[in-house]
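Using the supplied hints, reconstruct the complex from the two chains, each of which is provided in its own coordinate frame.
The listed protein sequences correspond, in order, to chains U and A. Residue numbers for the first sequence follow our numbering, so the first one is 765 and each next one is one higher. Residue numbers for the second sequence follow our numbering, so the first one is 625 and each next one is one higher.
Incorrect hints may appear among the rest.
[What the hints assert, rightly or not] Some but not every residue of chain U turned toward chain A, in silico, with C-beta under 8 Å:
| no. | residue |
| --- | --- |
| 1 | F781 |
| 2 | M783 |
| 3 | F867 |
| 4 | G885 |
| 5 | I1020 |
Because the hints were derived from the structure by calculation, they are not lab data. Think of the CB as a built atom: it goes at the ideal place given N, C-alpha and C, for glycine as much as any other residue.
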Amino acid sequence: MALATKKNKWEQALVIFIMVAGGILVSIPFIWMISSSFKPESEVLSIPPTIIPDNPTLDNYINLFTNMNFAVYLRNTLVIVLFSFLGLLFNAMAGYGFAKYNFRGRDKVFYIVLATMMIPGQVTMIPVYLLLNAMGLTNTMTGIILPGLAVAFSIFLFRQFMTTIPDDLIEAARLDGAGEFYIFFRLVMPIAKPIFAVQGILTFIAGWNSFLWPLIIANDESLYTLSVGLSLLQGQYANNFALQMAGAAFMVVPIIIIFSFFQKYIVEGFTMSGIK
Amino acid sequence: MKLKNRHPYMFISPAVLLLSLFSLIPILIAFFISFTDMNLKGLADWSSVSFVGLENYQSLFADDKFIKSIFNTIFYVIIGVPLVIICSLSIALLLNYGTSKLFTMFRAVYYMPSITNIIAVAVIWGYLYNTEYGLFNYLLSLLTVENVPWLQEPTIAKISLIILAVWKGIGINMIIFLAALQGIPKSYYEAAEMDGANRLQVLFNVTLPLLRYATFFVTVTTLIGWMQFFEEPFVMTDGGPLDGTISIALFIYKEGFQFSEFGYAAAASFVLFAMIILVTMIQFKFRKSDTEY
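Pulled out of the complex, with its shape left as it was, chain A reads as follows (with noise of 0.2 Å):
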């Protein structure tokens, strides 16, 4: 019996040892280092790094490219994250209405652009996006629309991430989305049609009311992953032009990796998370308020 009990562990310890290691620790690591000025210097001696109380945070916060940052993962994301919720919602609407082989496909094709590879995504787009050779730009010639700079000017530079990146999240949503229309059972219908429900009344009124659950989930992890919106800059634009499309993810990124301040960038780690526990705390309160439905 005493030999039994062993067994769990030994399931268990591979993949929890790997995970404390790489996510438990590094997130005390992370928290310790963001008081220090810990950098590249600090990481070949020890001993050169100290200990510099919340310095790291109050320069943070007089940063101007901090802020510019905040204001572009915020403007990202209130555009972003409401586009991909209703582009998503309708792609499964519209391919929930049939059960041939056909939509069938075409779940296929609306899935795929979530599955490839964000490298790819960002060549072709640059392509697509390129204000001489383009696709995008000689269209609208053909519409007698002048050359659009989508990368070159900073608001717009932020509006063509947020269409790429839209464009890539759709998928795993409308899947989700997909699965709990699914679920619904078809007695529920039948009765609304019964009492003389009209589509949109059935939409309205019995639909969109029982995906309650699958559009919390959804609100809630897109707005974690937008807000910590990294690969489309990062590849894209480089936070450029004149830092238009810079997030608080690719500034840390750019602070730790590029400039090796690892203390700073840690401190701007921390206050990317507690912006995200917050915003998330905020979201389950505001459900709380409507569970008795």
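Pulled out of the complex, with its shape left as it was, chain U reads as follows (with noise of 0.2 Å):
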């Protein structure tokens, strides 16, 4: 045994080793934003390049404010972000009604929702924008949101996390007098909060980052989000380095912010989930 720990020490040395070298080469495109945003603009060009800003700067900041509209971007992506909530509401309440009653037809359509996460995103694309067209609902907010309020790989995780719930305790709930609406509210959100806590990371993370959907649908720049005014940026500003790093620093540390403090549950959520 003793000759085991002995190997062992060099063993772990060289893994940590490997670790933290791949973690710093993985770590690299951050850093370098991160140093870039703070320097001005003739700095960002200088070779050889400077890891820490010679004379730091909060100017390229203060520029996407205002010579560029990202406070419009800013809301316009809360908006989302806040009405994609409402869809991860719709869709734990799809899980619920899936894990705990049964209905005519419930596998019927469960399978049917599982079948639309296989639909490459390509194929739907098109017809949902001569859909939203058809209904007038080109170039506004509501077109931006209503296609992604429900999501089948969401209602499939709160569907696997709600069957485990016990039915006698509905029932119980039930025999009490407590309507069904407040079941799902008072009982079973309170102990969904795990899964609730991941989908909710999740719902954030793709709502901010919304790139796609509101850039085929916007043509007006006060519906842009922040990545379409990114990208405009990066048109823009092709050679103004330091501004377009600020530009995505601000895009992308909010979201390591939020991160770091629930990474626990993310990973949780996979082994939840059974994805084993």
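In structure tokens, the structure reads:
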């Protein structure tokens, strides 16, 4: 046993070394983004480049809001995030419906829901655009929000979790005279807190990052999201890398902060969903 | 009792109706318009749309750009998918080695790229890949390597996009492998150790076989994802240079939303759909033969 632990020390050092080296390699883009975003425009193009800015400045970040409409993009993005939480509630309700009720055609409908996961986004992209166009919803916030509300994978995860809630508990509440929606909001939702946490974080990230659909639907700059605005910035200020990096950092850093607070839940979420 | 039966439908209907409207009905519409010459003119006036039979499908396979996009997509899949699986599995094995705070911290570091916004990623990597001012060429110049045209030469550009996509794709698969690794009972390792198996033997005879299900899951989802390779070429190269990085998904987007050839694009999307179904079915078939382990 003594021999084994001695060997393990070297092994452990090697594993940690590779892990740290790989981790640094993976983080280079992030480090470079943060460092460049604080550089003045002249320094960002200087060769050899500096890792820590010589003359750190906040001008790039200020520019985002004064020369670009990042305040508007931020507001639109937050509106999308807000409504995607309404979608999350719909998905949770559907998950509960499939998990805890027996009704005619339940399994069939559930399989259809699962089947929609296999349809590639490229196939539905064009007809959904045509549909929204026929409804007069192109170039509106509603048109951007509506198609992303229901997520089959999310319904699936909610259902998986909610089947584990004991029937007796719900039955007991019914005998006490509780209504079905009262049971859902007051009994089921608190029990399902962990899955709501995971889905909430993932929903936030997806909403915050939403790009393609806003790009297709929105013609007016007043409807652009942060991602669309950032790609616009890349086109307009092609050589102002400092400004580009500030824009990127403005999008990435909030997600990193939220993620580092909640990463435990995300990892648990995968174990919970039974993908093992 | 009758009244109670209404409730399940009240719970499922919002999500199910939205899904039908934006997932199921569209697939029927897409199938229908793939046999028509639906374009911008048809959008304003439906009566100008006419049925063209299989014409869209025929002209697709005579379209050099489409053939090129198929070739590029195969290139992305063949190089990218194995790379993602090998990298994410290796990192998962590394992270599974210890349980200290350091390992948890690095788990977050490796996961980070996968939740990062694709546009931000493209902007950052565009700067890193920049021929004159980019960090990569600067670092290579220290090794006296001449400037690499990261995004200006078709084959190098494809590889550059793959590097970026692998970097972004590792996180989620690594987590799945990690969850699977943590599900392997300790007693298996103890038994192998008692039998005198060395590290490599344990890896190949205990760990990897037990990761079979996770590997299958990761392979299927990664393959489907890479067949729809879209955002990376879309934001970094717009399919160029000389259509060298255009993928099938990007081809569909361009035909649909840049040239407004909705019928043609819908036909292309069904070709992609058919390819995805075919590849997925082959994998499931392939798997069945070795389920009895």
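Structure-based check of all given hints:
1. With a cut of 8 Å, the hint placing U:F781 at the interface with chain A is violated, because the nearest CB-to-CB distance is about 10 Å.
2. Proximity of U:M783 to chain A holds as hinted, the smallest CB-CB distance being about 5 Å (cut-off 8 Å).
3. Interface restraint check for U:F867: the shortest CB-CB distance to chain A comes to about 4 Å, inside 8 Å, so the restraint holds.
4. Residue-level restraint check for U:G885 holds (minimum Cβ-Cβ distance to chain A is 7 Å; threshold 8 Å).
5. Restraint check, U:I1020 versus chain A: the minimum CB separation of about 6 Å is within 8 Å; hint holds.
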